[in-house]
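Asks: One-letter residues, chain by chain:
Protein chains: 2
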Amino acid sequence: MRLTFHLLRVEAHEVERLAYALLELRRSTRLCSQCLAFTSEDPCRLCQDPSRDGGVICVVERPADVVAVERSGGFRGRYHVLHGALSPLDGIGPEQLRIRELIERLQGGAVNEVILACNPTAEGEATALYLAKLIKPLGVRVSRIAHGLPMGADVEYADGVTLSKAIEGRREL
Amino acid sequence: MRLTFHLLRVEAHEVERLAYALLELRRSTRLCSQCLAFTSEDPCRLCQDPSRDGGVICVVERPADVVAVERSGGFRGRYHVLHGALSPLDGIGPEQLRIRELIERLQGGAVNEVILACNPTAEGEATALYLAKLIKPLGVRVSRIAHGLPMGADVEYADGVTLSKAIEGRREL
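Order-wise, the sequence lines are chains W and E.
Using the numbering used here, you'd call the opening residue of the first sequence number 38 and step up by one each time.
Using the numbering used here, you'd call the opening residue of the second sequence number 38 and step up by one each time.
Identical chains blur together in the list; that is why a pair holds if it fits in one copy or across any two.
Computed list of lysine to aspartate or glutamate pairs in EDC-like fashion (alpha-carbon distance at most 16 Å, straight line):
(1) Lys173 x Glu209
(2) Lys170 x Glu150
(3) Lys173 x Glu141
(4) Lys170 x Glu209
In short, the hints are calculated from the structure, not lab data.
Hey, can you work out the whole structure from these sequences and the hints?
Replies: Following this line, the structure appears as structure tokens:
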């Protein structure tokens, strides 16, 4: 409603610009043939960047997760977007995800570690376990991003499962 | 205000019971001589429990944190409450915290690991680093609870520092 009222208030050519931008968005955006993130050029900017480590692939559920991990600045390898997570109740099995493409990339032999950055939800955990089972026989190291207390959090108000995982996953100092 | 209106509405003897309970609370509650958590008997129930592992001490900032860690069910050792975190700007240095008592407990030789569960805040991190430096020369293993994504969270909406720590602290599957 706020958007509609805004569009009714601004000048007509601004609405046209927005409309054309929306059309152009769908026309110019496709999935990167390597990492399956959204891109306007193929392969995408991240897959093309020679300064990134091609030996590590960070697996995420959705294209927006790539943006989040990039923003964090904590990763300098390549990505692979699954386009979802396993969820049998919603009819999402391995065939509905871009798992086959991931395995094909790993069979090239250039990758030595896969970091599973699926969400810390029931579906994400199931997906991570499924992928770990699939990938380990290929001789590729598989790791899972840490579960624990987010920065700025408070032990007193942390939920029990997270706190329990934080203790379980403690690191020696 | 809600409490006040409630007290004005209920019968007088209920207010009296609450008042006496408050007086009794302060009279009967003291700090446990071992872990420094609140208790009505000394040593506290947790320090007395022979089924708990006396070889591991979980260090927390406040008594309420003990309750949170207990609720998580992820820890079966003993506790030590610092009663705060280092915060030079607020005039809280090592002398204001119950650090001396912790070191004395460790010098007994029965403890082989200290888990630092201070909050993942600037003050908590500083306290953890300070304690690690102090404790390691005693030959006691020091670990820090994991920083990472809380359960049920979403990679897309995680803050950058947390996501970066989650990748850094990834665990092999």
